[in-house]
Every structure is written in structure tokens, then in C-alpha cells.
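Protein chains in written order, with the working numbering: chain R, 1 to 432; chain G, 1 to 432.
Worth double-checking, as some hints may not be accurate.
Pairs involving identical chains hold if they fit within one copy or between any two copies, as the list cannot separate such chains.
[To be verified] Pairs of lysine-lysine residues, derived as DSS-like cross-links and limited to a Cα-Cα distance of at most 30 angstroms, are as follows:
1) Lys-172 <-> Lys-12
2) Lys-66 <-> Lys-3
3) Lys-41 <-> Lys-172
4) Lys-3 <-> Lys-266
5) Lys-172 <-> Lys-295
These are computed hints drawn from the structure, not numbers from a lab.
There are 2 protein chains.
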Amino acid sequence: VHKQNLAELQRKLDQLHPADVAYILEALPLDERLLVWDLVKAERDGEILLEVSDSVRESLIQTMDKAELLAAAESLDTDEIADIAADLPRDVIEELLTTLDAQKRALLQSALAYPEDTVGALMDFEMVTIRADVTLEVALRYLRRLGELPDQLDKLFVVDRDERLIGVLPLKRLLTTDPEASVAAVMVEDVVQFHPEDEAQEAAQAFERYDLVMAPVVDAVGRLIGRLTIDAVVDYIRESADADMLSMAGLKEEEDLFSTVWRAAKNRWMWLAINLATAFVASRVIGAFEGSIEKLAALAALMPIIAGIGGNSGNQTITLIIRGLALGHITPSNARRLVLKEIGVALLNGLVWGSAVGVFAWLLYDNPALGGVMALAMLLNLLVAALAGIFIPMTLERVKRDPAIGSSVLLTFVTDSMGFFIFLGLATLLLL
Amino acid sequence: VHKQNLAELQRKLDQLHPADVAYILEALPLDERLLVWDLVKAERDGEILLEVSDSVRESLIQTMDKAELLAAAESLDTDEIADIAADLPRDVIEELLTTLDAQKRALLQSALAYPEDTVGALMDFEMVTIRADVTLEVALRYLRRLGELPDQLDKLFVVDRDERLIGVLPLKRLLTTDPEASVAAVMVEDVVQFHPEDEAQEAAQAFERYDLVMAPVVDAVGRLIGRLTIDAVVDYIRESADADMLSMAGLKEEEDLFSTVWRAAKNRWMWLAINLATAFVASRVIGAFEGSIEKLAALAALMPIIAGIGGNSGNQTITLIIRGLALGHITPSNARRLVLKEIGVALLNGLVWGSAVGVFAWLLYDNPALGGVMALAMLLNLLVAALAGIFIPMTLERVKRDPAIGSSVLLTFVTDSMGFFIFLGLATLLLL
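Using the sequences and the hints given, assemble the complete structure.
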């Protein structure tokens, strides 16, 4: 009966779109995942490996031998092989390069050479090119002879005899214009195009801004070398939004939900260690005031409020700045205004919330001076938070680092340490 | 000279794509933004309003009178009017409804009726439909007669005489198949389609998964009522990723980088107030142990470490869970395994980092018992963090609330309060 169930499951898997099989594999714990993976037809391995996340792909590839991996890779297009190459064992890649024909080998090697997060790493090579001097009628006949067109194809690329891009012919125009017209007369010459070394981030913004479905990729002298399609861009947008979210939360990389405890722990250690180091420093700031705390234990109870609200308020600022930097809305010329605005918000919040916590401390401990110190410390720490919230991401950006990674940890470090220092320092000076 | 510069600027603006003008408006402080807005040709107002963010749109609409707003809205398609309707004054919408013809009015009213974040709110009405009983030759002639096709059109919708969708004819097939064939013979019948009340989130996942460019939207009886295109889906993906990021950082809504201090402060107050309330509670937990802290001030210096690492570790867990829920990878049947894995990670981290901080406290204060309490408290708080990191977002999801909003605040509340309670409680029991 068990065998019958498996046969039934296998039959169902065969009918599913590779992306749906990938989805099922993602949601299964490791042992069940490998069971299902065994049931997938070998010839579909390649397209499914392409759809799963990096961490799940790793878990699947570990169970495959060299012959299986080679067969899977050979079922893919060159640009698709490049997409999963990072997870393939070195010897499989090498063997693969020897089995490909010269043209494909060159394509694969150039695709592998482009760094992640560039247009070159996202592009594919499935284009249809025509010459400018033919009529639309000829173009239509040519397409019919091809028999099949690539997915996401919404335009033909018009090239000269040196393969240089001179325009594009949108299928829309091809379908609605008199077939007697020449390609040259109908093509669009002003084309959004990319170079393989362009940042993927900028290409994604162009796709969003101009509602593109597909765009040509050309080399330095304008020769057509590939195309970028909206599905690759959407995957990139999703993955980079995910990566930002994960790294802001202190995860080194995408983590398989069902990875082993050991792998999961390792993925989280780097940021936990950094956090621990900054917490130690903040702890030593408090340690310097232990004498004051012994005399007035209320300080210990109140100090996390100052540090915490500073952290929260600073995180609001930092998030807006990171987003503004990512969208390109922040420039050196408007940065001064931003600083003034954030200082304004910090002053306003400092007066409002500072008064609130001041009154709270005063009433709770029947000590108006303690309330005053509390209010003043809150105001000052909110100013610190605003400035740190602006300058930390902007400095990371200036030194060419991703402002989304680590700035939140740095900020909390500043608002914690400074919050403790300001509050305990003021209390020691003014109350004791 | 100033006048000449303005004329020059105006000429440049006229040549830019509306999305590029929108981008410039986003990056300008309010006074300069309004200056540029005045220079934009009135007939382009509509398409530019469509491209800017909600907060910037609000700032622009405030400067426009009723006639200008009506003219801008009338230059847009019905589904586009619906997109900006939320920001238009009530009387403009009402006047608009009276000026539209009956068919457009019905479309606008139905588009306005769909809640945000549904397919209905994202769809447009620019479709090309054909009948199944004609030949491709007839279809090609029909397209040529139309003269112009909508953007992002990669297929024609095949409908019966009751406007029910019976298939789609991809342009790819239309271009590569013998024109003598009938639409019925060539069309694809197994089509990914949506209902207007479907969640936009799920439609976006389908677009990503199946690499769609465009899909039909049908009503309950299968009648074609609109289409969903990849550009609307990409905008939705970007906006909801942004909204998640902003709300996780405690911002109520998208904030114009250059909004006034007052508006910015109001946007941030809700979450600051909630944070303040939770910080008060955590402060009272510490307050309950003031006697212990007076006797051993080292407790005050060490307690933020326990609370802080708990918060960080819990945030790692919560981020993975929120992501798993959003992608649909977490189901009731695999939740138990997730809990076991996270408990495993917490135990491992508790042993490793607990020992580290225990040794640190022991050496620093020359007090082995204090080190032991520190290690034990760390282990326990990491367990609390793991459980809170799983159950908070899963509970929010179960009660149909967005787990991305507020779960981080709730988590920090739990790890702070419990961290202080566990550490100070253990210290009071075991050390004093």
C-alpha cells in the first residue's frame, strides 16, 4: 500500500510545474524532502534545482552523484547553469565545461565571470535578432520559420552586420503595422539598454520605472551580448528584499527553515557575537557607575527606558535613510535638510516623551530631581539617536558598504552606551 | 537670468519620462518640489501623480485646485484614477463620476470597491479579446486594424459570446503558427487566472512562480473583467516589501523624506508610545528587585546583556518565521518540527554564549556564583526568545493579522521583561 501511495505521489509530481515542486520541497523537513526529491523524474532535476532557494538547493545537491548533477546541468540553458554553478562541486563544473560546445563554453565562462548583483549575472542569451533593411513581412516569415520563441520576448533586437544593436522592434508594432514597411522605418531607436557590469539594483529600478518586460544587454562598443527579462528582475528584487530583511535581523544568509540545529546556529553566530561584544561595552559603561547605582537603585530600573526609546527612535530614522539611499533620493545637497528635519523631530519627541517619562519617574519615586534628569537624558539620547540614525548608514554608503547590513546593530550600540552614559552621568552629577 | 534658467529647466522636464519627473520630485525638499511641479505641463500632471509615492502625491495635490485635479484625473485610464482616488478630495471624485460615460463610471466604481491588496485593486481594463472560431489570419488582421496595442500585452484573451474566458492566445503562438489555423486549435486552455477578490500577495507569488507577464481576471462565473500585468505586480511587490520594512521599524506609514517635523513626528508616535509602555513594564520588573541591586550593583551592569542577546536571538527566529509564513512554507503539520529545531538552536547557543558570558562575569567580578547565574539566565532567556519568536508571529497569523507588524515590539517586550525577571530572580534566590 505504501508503494502504491508513492506511485500516486510520483504521478502527481510529474504533473506539477517545476516551481510548484520547488515550493513543496521548500516546505518539507529534510528527510521527507529527500524522499520527494527521489520521486522526481531525473530529467526534471535541472529545472527544479533552478527554482529552489540556495539553501534548499544545497541540501538536494548533496544527495546527488556526479553523473546525476551533470545530467541535470546539461538539461539547462547556459545562463541557467551559471545561476546554480555556485552550488555545484568544482569537478562537475570542470567536466561540464569540457562537454559543452565551444560557443556555449564561452557563454558559460563569461556568465560565470560576472559578479553577483550585476546585470551580467542576471542576463540570458535567448534573443531573436533581425536586420534593419528587411520588411516586416520578412520578419514575420522568419519568426514563423523559427517555430518557437523564447519566453518574455516582447521585442526583436535589430542589429547591424557587426552585431551592434541599432534599435528594437516591439512585437506590438510588428503586429499592428503594414507588413510592407521596413524594419528600419518601424523600429524604436531610443532603447533602454544595459551593460553586463551595470549594477542589478539599477537595472531593477529602470525596469520598475519604465515598466519594461525585456531589455538588451550590450558590450562597451554596443554589440548585443544578451538580454535581461522581467522574471529575472522580479526574482532579483524579491531576493534582495529578503536578503536585506535577513541581514537586518542578524542572519548571515538565507536559512533553510528545516536545516539542522548546527547549521542554523552557525548562520546566526556572527551577529550574536557582535551583539554580545557591544552589549559587553554597554555593560562596562554601567559598571563605571556602580557606585551611583548602589546609592540609588532606581537608576537601574529607569536606565533601560532611556536606552530603549533611543534605540527605537533611531531605528525609525535609520530605516528612512536606508530606504532613501536605496531609492537614490538622498544626495549630498539635500543631506543637510534631512539632518535639520531629524533634529527637529528628535527635539519635539524629546520634549513630549521626555516630559512623560520625567513625570512618571517623579511620581513613582517621589523625586522631582530624578524626573528632571530622566527628561533631560531622554531628550539628549533622542538627539544622539537621530544623528546616529543619519550618519551611520550614510557613512557605510560612502565607504561603499551596504547600509542595510549591520547599521541597526551599530545604532543600538550607540543608543545603548550613550543612553546609559548620559543618564547615569547626569544622575551622578546632579543627584548624588 | 533666473527666468531663462526656469525656461531651460521646463524644457528639460518636458523631455523626461513621467517616472523620471516623479523621481526628481521625490528627492526635492518641499519648496523646490512645488517649484518644479509648477513647471510641469498641466497635461502631464495625471501620469506623474500616478508615479510618485503616496506621501509626495499628497503634498502635490494639496497645491492643486479642483479644476486642475479634474483635468489631471480625466487624462488617466479608469484603473489609474482608482489608484490615486484615495488621495483626491471627495468632491473631485464625485464630479469625476458625473463626467465619465456610463461604462467608465461603472468600471471606476467597481475598481474603487475592491479593497487595497486585492487583485481587483491592481487590475486594469486594457485587454484585447477574440473569438475561438476565427483563424489566426483574421486575428492578425484584427490587430492591424486596432492600430495600437496596450503595454505588457503578451496574449489575447479568447472569450465566448457571453464574455466567458475559454482560453488565451499567446502572441508567441500567433506569430509562429500557420495563419490558416483556427484560434480554437492554437489557444491555451489551461490558464493561470485570478478573481478580483483574490489576495494581491498570492497573485504576486503566482507571477513570480510561473514567470507571468499578464494574466486574466474573471468573475465568479468565469466572465472576463480585467487583466493583471507584471508592472502592477512589481510595484505591489516593492511597495509591500517597503511597507513591511517601515512597519517593522515602527513607522505608521510611508514618510516623505522631506515632510514637516510635525507630520514626521506624528507618523512615529504610535510605535514610540507602544515601546514606551512596554519599557515601563520592563522597568517595573527591575524595580521589584531594587533591594537586590542595592546589595549587588553588578546585577544592574549585567542585566542588559541577558535582555539584549535574548532580543537579538529572538529577532533572528521571528524573521525566519515571518518569511516562512509569507512564502507559505509553514503549515500546522511542520510547525512542531520548527519548534524543536529552534529549541535546539537556543540550547546550543545558550550553552556556548551562556558559558562565555558566565566566564566574563566570573572573571570581572571575581564571583563564580554570579557567573553561574549569568550563564543559566542566558540559557533560559534564549529559550524564552525562541518560543516567543515562533509563537508571536504564528498567533498573529492565526488571528488574521499581519505578522510583520508589531511582532518585533512584542518580542522585545517579552525578552526584556523575562530577561530581567529571570536574571534578577535567580540572583536574588541564589546569591543574596
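Hint-by-hint comparison with the structure:
{"no.": "1", "hint": "Lys-172 <-> Lys-12", "in the structure": "between (38 angstroms within a copy, 29 angstroms between copies)"}
{"no.": "2", "hint": "Lys-66 <-> Lys-3", "in the structure": "within (28 angstroms within a copy, 72 angstroms between copies)"}
{"no.": "3", "hint": "Lys-41 <-> Lys-172", "in the structure": "between (38 angstroms within a copy, 28 angstroms between copies)"}
{"no.": "4", "hint": "Lys-3 <-> Lys-266", "in the structure": "neither (38 angstroms within a copy, 63 angstroms between copies)"}
{"no.": "5", "hint": "Lys-172 <-> Lys-295", "in the structure": "neither (80 angstroms within a copy, 81 angstroms between copies)"}
In the structure shown, a violation is registered for the earlier hints numbered 4, 5, in ascending order.
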